[in-house]
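Novice: Starting from the given sequences, assemble the full structure and let the hints guide the process.
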Amino acid sequence: MLDLQFIRENIETVRNACRDKRAPVDLDGLLGMDRERREAIQKADQLKAERNRASEEIARMKKEKQDASGRIAAMKAVGDEIKGLDERIRAIEASMRELLIHIPNIPHASCPAGGPEANRVVKEWGTIPEFDFKVQPHWDIGPALGLVDFDRGSRLSGSNFIAYFGMGARLERGLINFMIDLHVQKHGYREVWVPSVVRREMMFGTGQLPKLEEDMYHCGKDDLFLIPTAEVPVTNLHREETFDGAKLPVLYTAYTPCFRREAGSYGSDTRGLVRVHQFDKVEMVKFVKPETSYDELESLLGNAEDVLQTLGIPYRVLCLATGDMSFAAAKCYDIEAWAPGLGRWLEVSSCSNFEDFQARRMNIRYRPEKSGKTEYVHTLNGSGLALPRTVIAILENFQTEEGTVVVPEALRPYLGVSELKPGM
RNA sequence: GGAGAGGUGGCCGAGUCGGCUGAAGGCAACCGCCUGCUAAGCGGUUGUAGGGGCUUAAACCUCUACCCAGGGUUCGAAUCCCUGCCUCUCCGCCA
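Per the numbering used here, the first sequence runs over residues 1 to 424.
Everything labelled a hint here was simulated from the structure, so no lab data went into it. As the structure is a prediction and not an experimental result, all values here were calculated from the model. Check before you lean on any hint, since a few could be wrong.
[What the hints assert, rightly or not] Here are the simulated EDC-like pairs of lysine to aspartate or glutamate, each with C-alpha atoms no more than 20 Å apart in a straight line:
1) K186 / E36
2) K21 / E117
3) K186 / D306
4) K123 / E402
5) K134 / E402
6) K83 / E93
7) K421 / D140
Specialist: Quick look at the structure:
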């Protein structure tokens, strides 16, 4: 959510953001309502001041046993007028809020302008492996080694749900532990564990709602949503709180399952592990002071990259264009791992700075050491990493001519083996 | 799932039959004073948001709102009523 005063004073910037992020919002209507609201408030406040004075007088008269019925009758009309104005203000504010929550965050000036085609590759790491045999896609390697079972997953829950068996299940569990250990021990994050279902309000807080309701699993009986990412519960952990400035930044890492209906994405990119409805992810979330948030974004990106570097998986980093960024983000980097079996890059992480956009919605502030005047924190998050595509990258990059997969050095303590072979 | 109790400022805690209660009292913090040092003591200050004024801006002035949240009753609500959320106690159920 943007600050109303900011919108008032930077209407063209906001207009551009709405256009870039394809969010048609009636900004002129909003400004009109803003004027109307302020007029009504002025009038109501005046009447309330009058009422307060009269109330005091009535109280005094009653105490002195005088007849106050004349005053009371006169104030009745004022009370009714105030009620009418308050109702009007409430209605205007509700309409304004409805518009406000649909206004996207303003992209940072350093982001390339345009749609997905304008995304800028800012880094490539590692060497794309060359194979002197015919490479296989993970959907052949996985089942052949008995690691993943697509058919039985679908039988349980429908298409694009999966089941892991044996070393496949252990690989999943090992990767989670490996990533969390790395972020906690090397990067200084604190591990948290949170619920996988949350209230509607939380989805508004981080900005998934109102836009993405169709993409989420919803438990109607309790009006709870299955989380699409740990970002939602972890960022909302501190809603309505004021941090002590000296305690910032606060860094969390969390493993959670993630649930996405992926409505409307059928047909493309849905084979194998590329796009599944339930997947595991290790997430990093930061609460920081505004002046440090862009440095924190770079280090967050570095922490996510470190996972791939430690595993030895080649990847590239994209700085997303204004039109390809999510609703709430001000700046976003995507990390894409190379998948030789598919012959393409796969997004395994998305690292974003939301500035104060989410903090405003959740009312998360901090008290600077010096001024004592509370300000909104900046929030950031990044995947570190999403599991299924990391599994794809491991299976496809480290496959051998014999059909086995060499386990990256860093994962061996977690898996207990150095190679994945059939029948394990 | 059933029954009950409760949610007041940074913290603790008082608010009687609705009427100078933004809110007693205590603690904490900050600023003075005092003081070989420390401690104690004395005086003062300390919430947030929204309007309006003034200003380059900040400071400042003024009004309004806020005693979990949202409605309602009333001339007037922290105080009465309804709904929601949360916490606690007891019973039931249970991995």
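Novice: Against each hint, give a clear statement of whether it holds in the structure.
Specialist: Against the structure, the hints come out as follows:
1. K186 / E36: violated, 54 Å
2. K21 / E117: holds, 14 Å
3. K186 / D306: holds, 10 Å
4. K123 / E402: At roughly 33 Å apart (the allowed maximum being 20 Å), E402 and K123 break the hint.
5. K134 / E402: holds, 11 Å
6. K83 / E93: holds, 15 Å
7. K421 / D140: Since the Cα atoms of K421 and D140 sit roughly 14 Å apart, the hinted pair holds (cutoff 20 Å).
Hints 1 and 4 from the earlier list are contradicted by this structure; the remaining hints agree with it.
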